[in-house]
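Participant: So you can see what is in the structure, the chains are spelled out below.
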Amino acid sequence: MDGHHLHRIGRYGRSLRRFWLSSLQAEFEYQLNLVVELLAVVGNLVGSLFVLRLLFGNGASLGGWSWDAALVVLGLYTLLDGFTSCVLQPNLSQIVNHVQNGTLDFVLLKPIDSQFWLSTRSFSPWGLPGIAAGLALIGWALMQRSSAISPLGLLIGVVLLVSGALILYSLWFLLASLSIWFVKIWNATEVLRYTLVAGRYPISAYPAALRLVFTFVLPVAFLTTVPAEALLGHSSASWVFGSLAAATLALVGTRLFWRYALRHYTSASS
Amino acid sequence: MTRRRLQRAGRIARALLSSQYALMLEYRAEIALWALSGVLPLIMLAVWRDSNGAATAGLSGAQLSHYFVAAFVVRQFSVVWLIHVFEEDALQGRLSPYLLQPVQPLWRYVAAHLAEQATRVPFVAVMLAALAVLQPSLLWIPSLSQLVLGVLAILGAFALRFLLQTILTMLCFWSERAAALDRLALIPYLFLSGLVAPLQAFPPAIRRLADCTPFPSMVAFPAQLLAGEAVDVIDGFARLALWCAVLLPISLVLWKLGVRRYGAMGA
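Quick mapping for you: the protein sequence lines, in order, are chains A and V.
With numbering that gives the first Met the number 0 applied, the first sequence covers 0 to 269.
With numbering that gives the first Met the number 0 applied, the second sequence covers 0 to 266.
Okay, chain A solo, but in the shape it has when bound (with noise of 0.2 Å):
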């Protein structure tokens, strides 16, 4: 890599932690948000164990799926809906109004790299309760179990996790950028939300015809169960594979298709 490129990675990497600190100062000013979203995580948390145990009865498995196992994917779930709060919520619903409001004009002129700067330009903290709520979830589910966690499963598991999370990322970037032509759509965004609660659950637990929308048409599959499955130690190489390939696939998408949405946008006024 040439002087020319590391200079650029470190800009962008500056950057990064310039918008996210001042977001961070913005956001520390209600300390009431910390105690809620704290309560909204155990809540949610408690409530997501209550209906799992429900669903599992006087049974033993769900979908084929232990209860220790299971706890893995809600703590998955867990993890990546913080994720969504920290990064995708905060940055990917403020496309429609600079849209909206003429103001991705400007973003466009600055000398960075636009999907870059409108994905990433604020964090928002109220996310980490989740975030840490899900890792210790997973951690807890995984020492319950008699076989010790394997280094090589571990791997795997988080660069699938990184994978799902990137998907994620793609699928909300995508719908939050149809409001180039749409503006009234801000919502799908929402629609998406509460579709991939059905990641809570092993896919194994849906009807069939289900399973395949929820891995071809809305792959949750590779957002909780597939990275689980690697962190239990039984991760199939095909599912490996498919995962990386529909992440990398995602993030091609999703830049062809803002350079696509681009050159239709028009600004607010014309």
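Since the hints were made in silico from the structure, they are not lab data.
Take these hints with a grain of salt, some might be off.
So the derived label-pair ranges between C-beta atoms look like this [as the list claims (entries may be wrong)]:
#1 134(A) x 20(V): 44 to 52 Å
#2 185(V) x 203(A): 25 to 33 Å
#3 181(A) x 106(V): 26 to 34 Å
#4 55(V) x 4(A): 56 to 64 Å
#5 235(A) x 212(V): 40 to 48 Å
#6 142(A) x 57(V): 30 to 38 Å
This structure is a prediction, so every number in the text was calculated from the model and none was measured.
Note that CB positions come from ideal geometry on N, CA and C, so glycine has one too.
Assemble chain V onto chain A, guided by the hints.
Facilitator: Frame of chain A, contents of chain V only:
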């Protein structure tokens, strides 16, 4: 004299409803998306159907599907978003002209919600029709009495949700973070109302706890009525009425105090 007043109220209601309906039609695309985002009960149905939990609670496939499809319909027509628009209206000062009009401003928001529900009807019908094509076994035809009682209970559930959110919305006058509190109130609603799990599957102690809250009246009771389950109709409506009777005076008092404070802000 009373006839005059009734006539006047009728005219105001007609004007509010028709103007709000025209406004809501403008937002058809958004409302279609909101309708789509209400799929949670259907997702839960898919998980519950083959679960051990359903067998443990003694719930058959038909019972589950009727219950959750009914819960889906109940949720569609009892969504309340007052706090989001009201917060904006208070902040931007749009509330001030409403206060000058000779009608309690909350009625305007009630009319907006009813108009939004009317706009939702075709989208919910399309979603149910899609279900009928894909999985005809999920649907059933309720009897006339079930339908009438179910619709009444949905209206009651909507009124109750509206009153509860009105109370939280009035906190906008004191705090910038009232919406965050509303998000907290959504959590017990989500888990105790019967939206994600039928109340029959609850352990007895938690079932009793849930029954002490207004939440089961908001989803489970109307859904059970629509699904044709054996429920105590009198008891259910009495609970709805009781909770409304508790929440209504609180919200009106908070409204009075809040508006006084709104004036004091000089907005």
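Participant: State for each hint whether it applies.
Facilitator: Here is what the structure says about each hint:
1. At roughly 48 Å, the beta-carbon separation of residue 134(A) and residue 20(V) lies within the given 44 to 52 Å, and the hint holds.
2. For residue 185(V) paired with residue 203(A), a C-beta distance near 29 Å keeps the hint of 25 to 33 Å intact.
3. Checking the proposed 26 to 34 Å range against residue 181(A) and residue 106(V) shows it holds: the Cβ atoms sit about 32 Å from each other.
4. Restraint check, residue 55(V) to residue 4(A): a C-beta distance of roughly 60 Å satisfies the suggested window 56 to 64 Å.
5. The supplied range of 40 to 48 Å is met by residue 235(A) and residue 212(V), whose beta-carbon atoms lie about 45 Å from each other.
6. Look at residue 142(A) against residue 57(V): about 35 Å separates their beta carbons, and that is inside 30 to 38 Å.
When each numbered hint is compared with the structure, no violation occurs for any of them.
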